[in-house]
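Protein chains in written order, with the numbering used here: chain A, 0 to 552; chain B, 5 to 331.
If you're looking for bench data, these hints aren't it; they were derived computationally from the structure. Each residue gets a CB set at the ideal place from its N, CA and C atoms; glycine is no exception. There could be a bad hint or two in this list.
Said to hold, decoys possible - Covered by chain A, per the in silico footprint, the following chain B stretches (three or more residues, Cβ under 8 Å): (1) 99 to 112; (2) 176 to 184; (3) 263 to 276; (4) 286 to 300.
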Amino acid sequence: MPAAPVTSSPNLRRLGIAAVAVVSTIALAACQAPAPEASGEPVSGGTLVYASGDAEPTCLDPHVGGNYPQALLAGQFLESLVSRDETGEIIPWLAESWTASDDGLSWEFTLRDDVAFTDGTPLDAEAVKVNVEHLKDPATQSSTGYLALGKVDHVEVVDDLVARFVMSAPDSALLESLTQPWNAIQSPAGIARGMDENCQAPIGTGPFIVDEWVKQDHVSLVRNDDYTSPPADAAHEGPAYLEAIDWRFVPDSASRYAALQAGQVDVIDNPQPDTISAAKSNDALVWLDAPRPGAANRIELNSGQAPFDDERVREAFIRAVEVDEGIDTLFFGTAERSYSPLSSVESVAYSDEKLFAPDLDRANELLDEAGWSERDADGYRVRDGARLTLRFPVSTNQSIPAEQSLFEQVQATAKAAGFEVVIELLDLSGWYGALAAHEYEIVSAPYTKVGPDVLRILYHSDSITPAPSGYFANLSQLNDPGVDALLAEAASTSDPEARAASYNEAQRLILGGYYLLPLYDQQNSFLMSTSVQGARALPTVSTPTFYDSWLAG
Amino acid sequence: MTPGSPADPPSRVDGAILRRTGLLVAGAVFVLWAVASLTFFAIRLIPGDPAQAILGGPGSQASQEALDQVRRDYGLDQPLLVQYLAMLGRLITGDLGTSYALKVPVAELLGAQLGATLLLATLALALAWLLALGLAIWSTGRGRVASALGEGIEITAAALPHFWLAAVLIAVFSTALGWLPPVATGTPSGLVLPVVTLAVPLAGFLAQVMRESLLDTMQQPFVVSARARGESALGVRLRHTIRHAALPAISLSGWALGWLLSGAVVVETIFAMPGLGRTLLQAVTLRDIPVVTGVVLLVALVYVLMTVLTDVVSRVADPRLRQEGAR
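Given only the sequences and the hints, what does the whole structure look like? Please build it.
In structure tokens, the structure reads:
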């Protein structure tokens with residue numbers, strides 16, 4: 000099939016999606032609870048109180064750095080060129096249509112002609128150009144948004160409403176990357192104020208406006224009365240129903256839930272599994288389950304050094320540990336076991352359950368074969384006087400208590416086969432430090448990104464080379480030219496079917512080499528009072544949107 | 005003892021006061037210098053690169069150029085001793101530096117949070133005093149049962165961890181009874197649970213100390229003579245023995261305020277209140293060295309000021325201490 004221009008024409012896109020769907024092995028949205036059914040007529044007015052357990056951002060501009068807490072907030076006041084709907088299809092947002100050249104080296108985006116930023120600046124091609132330049136400028140200190148635009152060389156203004164992205168190499172993930180809040184479009188005049196001021200209150204085109212940020216307390220968001228630009232899958236047009244959002248920072252999860260129960264807040268994020276379980280039996284509360292896109296949560300096996308440079312030892316570990324029961328009990332049935340490197344929201348996710356069936360006899364056999372045939376007094380295997388020890392740095396910022404307990408079960412079940420798992424609980428700096436120093440044999444690191452291109456970031460051998468900070472994303476240190484070739488192919492083809500096939504084969508190789516133990520989707524949940532109607536998670540990075548929301552009675 | 009001539013009593017007293025003040029100021033400066041130095045070196049022992057902290061925190065993917073630029077701008081490429089002296093130089097001029105993460109002056113950041121934490125700590129201290137005094141007065145000299153009960157309550161209260169007490173208070177007064185909000189939102193009702201959480205364990209400590217000296221005092225001859233004059237038991241307690249009981253508790257209050265500030269880290273996080281405690285927690289997580297140093301210095305300063313204050317208050321409460329200087 001020749002490289003077809005990708006347009007927003009529904010028929011062509013549906014064809015592509017259908018092809019992807021055929022290849023995919025996980026039914027999309029199977030694990031995703033449907034958004035709560037809206038009932039009754041929307042009511043205008045009122046203030047929604049949101050209590051966030053995520054870290055308070057140090058800068059509200061998601062171009063700077065680029066983490067999930069920033070995305071949560073930015074989704075309320077900034078918008079992207081394109082979005083993604085529930086089926087994974089790219090849909091219009093600030094751009095109403097787009098085309099790619101046959102060689103994939105040039106993309107033209109046509110913007111809506113009726114959109115202005117909340118400071119009055121009109122949205123035009125020049126604004127898009129300024130945003131891309133802002134993201135690529137080292138002074139902006141962008142990390143996530145910068146990486147997503149890695150293959151964008153520059154943007155040209157074709158006319159007022161047409162912006163041309165000139166690529167240094169074809170990038171099949173460009174549209175998916177552009178849906179992300181870290182690549183959202185801000186007012187050029189806002190950016191021109193400089194980082195300090197723009198961090199306080201970025202200016203976008205979104206349904207709400209940042210009114211005030213009281214550090215360590217709350218961010219006040221007020222309605223944008225001139226709002227015109229909902230994404231194509233929104234439920235209504237025109238301004239939001241809510242008059243304002245009071246976005247509070249409540250770090251303690253028990254306090255957050257107590258505040259929700261007491262009616263002090265309407266929505267909370269990051270509920271713990273036991274809380275979700277309790278809330279499910281509470282008629283006044285609704286659970287919105289919105290797994291994050293990109294990679295599934297998984298334990299990576301460091302194949303770059305002994306003992307996991309031996310595939311037999313890797314398989315032995317994966318056959319030895321049992322996690323199913325732990326996931327069931329520790330997560331109270333709120334998390335579903337995954338057998339894929341990708342999140343279940345990615346339509347090309349490939350699973351292979353039989354690779355992960357626990358089999359202690361097989362594990363023992365493999366370890367004997369690999370030369371770890373003796374055991375010491377404590378029951379741990381030894382070879383040449385060295386114990387079979389696996390260092391497991393765990394980030395207390397990224398692993399919730401239930402996950403930390405699950406890791407203890409991994410430790411206990413691995414012991415039966417003679418592995419000594421040494422769990423080290425670390426704060427974020429210490430954790431990144433341990434990884435940079437290669438002081439780990441196993442590790443669990445979440446990675447959120449829209450689309451399957453996350454596989455290239457996590458498993459291409461290029462990602463073993465550390466950034467100047469010591470950070471590298473390929474934590475399994477998988478170095479397979481076959482996988483590299485498939486991932487490069489998938490990233491550059493413009494044929495959706497070929498892309499899906501390459502990703503499929505790459506995932507088959509990655510899973511088959513026993514480089515990782517998939518656990519579950521990256522958990523991302525919200526609990527809401529039943530009075531909150533019409534809220535949903537955006538199918539991009541699963542941040543909640545309150546544009547269609549109202550407060551009933 | 006004092007060097008002044010006996011023929012010139014007033015200047016002798018002045019000299020003593022001057023000397024005392026001079027010693028206090030020198031002591032305070034020494035404490036602040038020691039705290040600043042300890043913090044400076046201790047924070048470099050924990051893993052984490054300050055240049056990375058400036059460029060988006062741990063795990064940032066900043067370029068080598070950006071890292072180099074930041075190291076030059078912040079003087080992080082200088083030898084440690086040079087950095088240390090530069091920090092001392094800044095501190096002497098009253099400059100606390102700029103937050104790595106938030107890019108605002110530390111003084112401004114702390115100024116905005118100090119009020120909230122001081123209000124919380126002061127209210128908690130006041131409530132703890134009331135509770136402790138009430139308990140001590142009620143439980144002493146009333147026989148074995150009251151004494152044992154008082155002692156039991158004190159020990160239990162003093163042993164309560166803040167995070168546990170907070171959870172119980174929220175479960176009872178917010179979730180079950182619905183009387184008070186679980187999360188503080190700047191209203192007076194939102195302050196009740198945090199203040200009680202901080203005050204109860206402290207009251208346990210204070211009451212233990214107070215009851216001890218109250219018991220001592222009750223054995224004194226002047227109490228017997230007051231009773232002989234016809235004073236009621238409560239009257240004796242309120243008019244004569246409180247002052248004695250309060251003395252050790254007063255000198256404990258300087259320590260108590262420092263203890264409350266550390267308790268504020270937990271309480272501010274649980275009740276989602278702004279304040280120094282939460283600022284400190286966030287700054288440590290982000291390796292925001294100037295903010296950590298600033299908070300630690302501020303707490304040390306409060307500690308020093310409180311020590312001076314309790315010294316003065318003790319002199320007011322206990323005339324014997326006042327006469328010491330002029331003796």
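Checked hints:
1. Counting residues of the segment 99 to 112 of chain B whose CB lies closer than 8 Å to any CB of chain A gives 4, so the stated coverage by that chain holds, three being the minimum.
2. With 3 residues carrying a beta carbon less than 8 Å from a beta carbon of chain A, the segment 176 to 184 of chain B meets the three-residue requirement, and the given coverage holds.
3. Counting residues of the segment 263 to 276 of chain B whose C-beta sits closer than 8 Å to any C-beta of chain A gives 4, which meets the bar of three, so the coverage hint holds.
4. A stretch counts as covered by a chain when three or more of its residues have a beta carbon under 8 Å from one of that chain; for the segment 286 to 300 of chain B and chain A the count is 4, and the coverage holds.
Checked against the numbered hints given earlier, the structure satisfies every one of them.
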